[in-house]
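S.K.: Just so you know, the sequences run in chain order A and B.
All letters in the first sequence, in the order written, are residues 1 to 192 by our numbering.
All letters in the second sequence, in the order written, are residues 193 to 469 by our numbering.
In case anyone wonders, no lab produced these hints; they're calculated from the structure.
One or more of the hints may lead you astray.
[As the list claims (entries may be wrong)] Listed next, the in silico EDC-like pairs over lysine to aspartate or glutamate satisfying Cα-Cα at most 20 Å (straight line):
no. : chain 1 : residue 1 : chain 2 : residue 2
1   : A       : K39       : A       : E50
2   : A       : K63       : A       : D13
3   : B       : K230      : B       : D247
4   : A       : K148      : B       : E343
5   : A       : K131      : A       : E147
6   : A       : K131      : A       : E50
7   : B       : K230      : B       : E246
8   : A       : K146      : B       : E334
9   : A       : K136      : B       : D200
10  : A       : K136      : B       : D212
11  : A       : K148      : B       : E215
12  : A       : K151      : B       : D276
13  : A       : K92       : B       : E343
14  : A       : K151      : B       : D212
15  : B       : K292      : A       : E182
16  : B       : K221      : A       : E138
17  : A       : K151      : A       : E138
18  : A       : K88       : A       : E50
19  : A       : K131      : B       : E242
20  : A       : K39       : B       : E343
21  : A       : K146      : B       : D212
22  : B       : K357      : B       : E378
23  : A       : K131      : B       : D253
24  : B       : K230      : A       : E182
25  : A       : K92       : A       : E123
26  : A       : K39       : A       : D22
27  : A       : K151      : B       : E343
28  : A       : K146      : A       : E123
29  : A       : K151      : B       : E214
30  : A       : K63       : A       : D74
31  : A       : K136      : B       : E246
32  : A       : K39       : B       : E284
33  : B       : K230      : A       : D13
34  : A       : K148      : B       : D212
35  : A       : K151      : B       : E215
36  : A       : K39       : B       : E215
37  : A       : K191      : A       : E89
[What the hints assert, rightly or not] So these bits of chain A aren't anywhere near chain B, every CB distance computed over 12 Å:
no. : residue
38  : W18
39  : Q32
40  : K39
Backbone N, C-alpha and C fix where the C-beta goes; we use that ideal spot for every residue, glycine too.
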Amino acid sequence: MARDSAIAPGSFDEILTWLNSDREVAGDQYVQLRHDLVKIFRWNRCGDPEGLTDEVFDRVLRKVHELRQTFTGDPRLFFYGVARNLIKEESKRLRGHISLDDMDLAANAPAGEHNNTRLMREECLDLCLQKIGRNKRELILDYYAKEKQAKIDHRAEVARRLGISVEALRVRVYRIRSTLEECINSCLDAKR
Amino acid sequence: MEKETVTDASLRQFLLGRVDDEERQRIEKLVITNAVPKERVGAAEEDLLEDYLEDALSPSDRERFLMQYAYTSAQQRRLQITQDVKHWAITEQQRRITSKGQASGRRRSFAHFRLKPMFVMPMAAAVVVIVVVVFWVNRKIELRNRQFVLEEEIGRLNASSGSPKGQISSLPLRPVTLRSAATETELVIRPNIQVVELQLFCNQDESYSTYQAVLRRIGDAQSFNIRNLHPEPEGKAIRVRLPAQILTTGTYHLELTGLRADGRSGPMEEFQFSVRG
Chain A
1 MARDSAIAPG SFDEILTWLN SDREVAGDQY VQLRHDLVKI FRWNRCGDPE GLTDEVFDRV
61 LRKVHELRQT FTGDPRLFFY GVARNLIKEE SKRLRGHISL DDMDLAANAP AGEHNNTRLM
121 REECLDLCLQ KIGRNKRELI LDYYAKEKQA KIDHRAEVAR RLGISVEALR VRVYRIRSTL
181 EECINSCLDA KR
Chain B
193 MEKETVTDAS LRQFLLGRVD DEERQRIEKL VITNAVPKER VGAAEEDLLE DYLEDALSPS
253 DRERFLMQYA YTSAQQRRLQ ITQDVKHWAI TEQQRRITSK GQASGRRRSF AHFRLKPMFV
313 MPMAAAVVVI VVVVFWVNRK IELRNRQFVL EEEIGRLNAS SGSPKGQISS LPLRPVTLRS
373 AATETELVIR PNIQVVELQL FCNQDESYST YQAVLRRIGD AQSFNIRNLH PEPEGKAIRV
433 RLPAQILTTG TYHLELTGLR ADGRSGPMEE FQFSVRG
């Protein structure tokens, strides 16, 4: 999605100030907001979630000066409102164009490319498993060691061993998984 | 209050796109404003990916899932990474269990001996016995082979009608009787003697086409079987040729038996002589 060039200089600073008067907190909120909007676009099956997120910020940037005077409440909800509008626009464009046949994972890429990608993924996985450190690697190994019904009892046992709830274990593993996934994605992007 | 209404089950429905717009926007707003910990949504998403990969979703959930999570290449990559991580974990776990089993098997074996010193002495004794038995069997085989070779040589010497090569020492012998027991014939084998020829004069009137003999040094367990012996042309004596090397100092006993044409054996006659080096 093309970026709007008619954005007044200093608008980005205004966005940060609007999000939070503390510049450091505002920076964190901005990063987190971008991340959340990308997710929301994904949940709503929008193509190019990153591009749409840029569009949200572009639209807000154009009005931020005025908004700071008029909008009351959590500014992040205004960003969300803009995102909802974009989702409506996207859903009109995409509705009725998704075929399950097109989503067959195995069929989406030619065999050679699929094999290359698989090898690259394996290399990146090995590399990133080393990067996350032994303790985290062992937890991932333990958490995913069993499947289906057996994994429920196994994960309860792992949580008991660590002295935490299963819920806390899920979140702990999710954090490691996110780091791992981020590392693998960067590695794969670097290889392409 | 709103935070409490968002359960894992409702999050799953939300992620599968099974909630109406109002509920969807409510959850999305909670996520944006951090009212629902994002990690909880992320963990619910991970569970969903796992269930899909384990084929644990119902057909309708699977269809919904594909609509939500297999749509973009980024989503497909995420699915593949999840699958890779699961595959790695299961394979690695199995590999560790296998190698652990092998290692503990080895440790158990060593521990078994280490923890029971009472078995050390019997084991050592058993090893000694095994070594002795192996040595004894080898020695036995060696002796048997040597005897076989010597009997072959004896057979060749006695099969030949002509004179054998090398120096021969002849010794006429008469059967042992009560009267002759006191007078034992003595054979002195000089170093140059290679073959000893015994001339056995039998007391029996009956003659046989072939004879067989058994030679044994008194006090030894080893004996030599000598077959296909023939009487001399004059029919007076039975000639037995022996390699000089098999005769060492001592007293020798020889049993001679005649064989009839029908295979039956005649009476046995005994001879005795002593050897001096």
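S.K.: Which of the listed hints are broken here?
M.R.: Hints 3, 4, 5, 6, 7, 8, 9, 10, 11, 13, 14, 15, 16, 19, 20, 21, 22, 23, 25, 26, 27, 28, 29, 31, 32, 33, 34, 35, 37, 39, 40 not satisfied by this model.
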